[in-house]
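Spelled out from the first residue to the last, the chains are:
There are 2 protein chains.
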Amino acid sequence: MARSFGAEGAYIAGSKDDALRGSIKRVVGSWGGSFWIEFINNPLRLVKEWKSSGGKVAHLTMYGMQIMCIKDEIASLDEDLLVVIGGEKVPFEYYSSADFNVAIGNQPHSEVAALAIFLDRVTCGRWENTHFKNAQIRIIPSEKGKNVEQLDLKKKPF
Amino acid sequence: MARSFGAEGAYIAGSKDDALRGSIKRVVGSWGGSFWIEFINNPLRLVKEWKSSGGKVAHLTMYGMQIMCIKDEIASLDEDLLVVIGGEKVPFEYYSSADFNVAIGNQPHSEVAALAIFLDRVTCGRWENTHFKNAQIRIIPSEKGKNVEQLDLKKKPF
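Chain order of the listed sequences is Y and C.
Under the numbering used here, think of the first position of the first sequence as 2, with each following residue one higher.
Under the numbering used here, think of the first position of the second sequence as 2, with each following residue one higher.
This is chain Y alone, in the form it adopts within the complex:
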């Protein structure tokens, strides 16, 4: 999902998941673009290293500042942006380390939904016009049914 809304890659806290890695490889192979994932053991260390190398950090939490109030500031950043998404009990260090604690509505909701809206807002909806390079297949939008264009017949179809 992060790929389709403009993220370049994802760090995932936890042990390696070859099934997930394979699934992303298949999506990128067929649908194009690039998207990396990296499994990490210490996400808080990543946040600190990211900041010390000059990057900015946004932490998505329903307790944070409303996205409508800070989206312009985030969208205008020149620095690389790391978006942190946790579960229900995120340690306080993430709140204090983040440059932005961002709420996508101050209501309970799914982290996936929050990330989609966040990426939509800070990219100003740019994903709606994205064309992924090196795609094998592409959808032609249709009112009813499915219309898929095969772009590279030398490669194996999906």
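No lab work stands behind these hints, which were simulated from the structure alone.
Ideal Cβ placement from N, Cα and C applies to all residues, glycine included.
One or more hints might be untrue.
Straight-line alpha carbon distances no greater than 25 angstroms define the calculated BS3-like cross-link-like pairs of lysine-lysine that follow [said to hold, decoys possible]:
#1 C:K26 to C:K147
#2 Y:K145 to C:K90
#3 Y:K26 to Y:K147
#4 C:K145 to Y:K57
#5 C:K57 to C:K72
#6 C:K147 to Y:K57
#7 C:K72 to Y:K147
#8 Y:K90 to C:K145
#9 C:K52 to C:K90
#10 C:K90 to Y:K147
#11 C:K52 to Y:K145
#12 C:K17 to C:K90
#13 C:K90 to Y:K26
#14 Y:K72 to C:K72
#15 C:K147 to Y:K52
#16 Y:K49 to C:K145
#17 C:K134 to C:K147
#18 Y:K134 to Y:K26
#19 C:K57 to Y:K147
#20 C:K49 to Y:K145
#21 Y:K90 to C:K26
#22 C:K72 to Y:K145
#23 Y:K147 to C:K52
#24 Y:K90 to Y:K17
#25 C:K145 to Y:K52
#26 Y:K72 to C:K145
Reference listing, derived: stretches of chain C covered by chain Y, where coverage requires no fewer than 3 residues with Cβ under 8 angstroms from a Cβ of chain Y [said to hold, decoys possible]:
#27 63-71
#28 102-111
#29 142-152
Once you have looked at the hints, place chain C on chain Y.
Okay, now just chain C, sitting in the frame of chain Y:
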């Protein structure tokens, strides 16, 4: 998630899930508003009944028309709107029955993300200013940390 982005309720295809029902009851009890769920066995029959009673149906699928092209038409509907979200293999009858087959980007992505963006677009982002009635608790947005206001001390806190 659907609740926080403006949906009134959800039909869920499958057998009853008391844990889910309890979870939604707790969210509505604490955070206010109203949101119903109903478990159904035959979602295609629901689609047909919905249409025959005058409602409109939007089916979210990456093969559909791009949301940017049809959001205004959907947003201006007077009729009640049923949004259909399926898994990977949705039978063709849903495509043919739907008034709108809608793609949130013609790329693979999560259904939860698609629903969030769909509701955002067709409500013109109204969820950002929603206040839920009868809430026990409310978040005061903060730059760091958590600030929760207890609205009704007579009720049990969360």
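Each hint, compared with the structure:
Restraint check: the Cα-Cα separation between K26 (chain C) and K147 (chain C) comes to about 23 angstroms, which is no more than 25 angstroms; the hinted pair holds. Proposed proximity of K145 (chain Y) and K90 (chain C) is supported: the alpha carbons are some 15 angstroms apart, at most 25 angstroms. Taken as a hint, the K26 (chain Y) and K147 (chain Y) pair is honoured in the structure, with Cα atoms around 23 angstroms apart against an allowance of 25 angstroms. Among the hinted pairs, K145 (chain C) with K57 (chain Y) is consistent with the structure: their alpha-carbon atoms are about 15 angstroms apart, no more than 25 angstroms.
The straight-line distance between the Cα atoms of K57 (chain C) and K72 (chain C) is roughly 14 angstroms, inside the 25 angstroms bound, and the hint therefore holds. For the hint linking K147 (chain C) to K57 (chain Y), the alpha-carbon distance of about 21 angstroms falls within 25 angstroms, and the restraint holds. Note on K72 (chain C) and K147 (chain Y): the hinted pairing holds, with a Cα-Cα distance of about 20 angstroms set against a maximum of 25 angstroms. Taking the CA atoms of K90 (chain Y) and K145 (chain C), the gap is about 15 angstroms. The hint holds against a cut of 25 angstroms.
Proximity of K52 (chain C) to K90 (chain C) is assessed by CA-CA distance (about 22 angstroms); at most 25 angstroms being required, the pair is judged to hold. A threshold of 25 angstroms between alpha carbons decides the hint, and for K90 (chain C) with K147 (chain Y) the separation of about 12 angstroms falls inside it, so the pair holds. Our distance criterion of 25 angstroms between C-alpha atoms is met by K52 (chain C) and K145 (chain Y), whose separation comes to about 17 angstroms. In summary, the hint linking K17 (chain C) to K90 (chain C) is supported, as the alpha carbons are separated by about 22 angstroms, within the 25 angstroms threshold.
Pair hint K90 (chain C) plus K26 (chain Y) holds up; C-alpha atoms about 21 angstroms apart against a cutoff of 25 angstroms. Proximity of K72 (chain Y) to K72 (chain C) is assessed by CA-CA distance (about 22 angstroms); at most 25 angstroms being required, the pair is judged to hold. At roughly 22 angstroms between alpha-carbon atoms, K147 (chain C) and K52 (chain Y) fall within 25 angstroms of each other, so this suggested pair holds. Of the pairs offered as hints, the one joining K49 (chain Y) and K145 (chain C) holds, with about 16 angstroms between alpha carbons and a cut-off of 25 angstroms not exceeded.
For the given pair, K134 (chain C) sits about 21 angstroms from K147 (chain C) by alpha-carbon distance, which is consistent with the 25 angstroms threshold. Straight-line distance between C-alpha atoms of K134 (chain Y) and K26 (chain Y) comes to about 15 angstroms, which keeps the hinted pair within the 25 angstroms bound. With a C-alpha separation of about 21 angstroms, the suggested pairing of K57 (chain C) with K147 (chain Y) holds against the 25 angstroms cut-off. With a C-alpha separation of about 16 angstroms, the suggested pairing of K49 (chain C) with K145 (chain Y) holds against the 25 angstroms cut-off.
Annotation: proposed proximity of K90 (chain Y) to K26 (chain C) holds, straight-line Cα distance about 21 angstroms (limit 25 angstroms). In summary, the hint linking K72 (chain C) to K145 (chain Y) is supported, as the alpha carbons are separated by about 17 angstroms, within the 25 angstroms threshold. About 22 angstroms separates the Cα atoms of K147 (chain Y) and K52 (chain C), which keeps this hinted pair within 25 angstroms; it holds. For the suggested pair K90 (chain Y) and K17 (chain Y), the alpha carbons sit about 22 angstroms apart, so the restraint of at most 25 angstroms is met.
With a C-alpha separation of about 17 angstroms, the suggested pair K145 (chain C) and K52 (chain Y) falls inside the 25 angstroms cut-off, and the hint holds. Taking the CA atoms of K72 (chain Y) and K145 (chain C), the gap is near 17 angstroms; set against the 25 angstroms cutoff, the hint holds. Check result for the region 63-71 of chain C against chain Y: holds, 8 residues qualifying (beta carbon to beta carbon below 8 angstroms, three or more required). Given a C-beta distance limit of less than 8 angstroms, the hint that chain Y covers the region 102-111 of chain C holds, as 8 residues qualify and 3 suffice.
Interface restraint, the region 142-152 of chain C with chain Y: holds (8 residues with C-beta to C-beta distance below 8 angstroms; minimum three).
Hint check: no violations occur; every hint is consistent with the structure.
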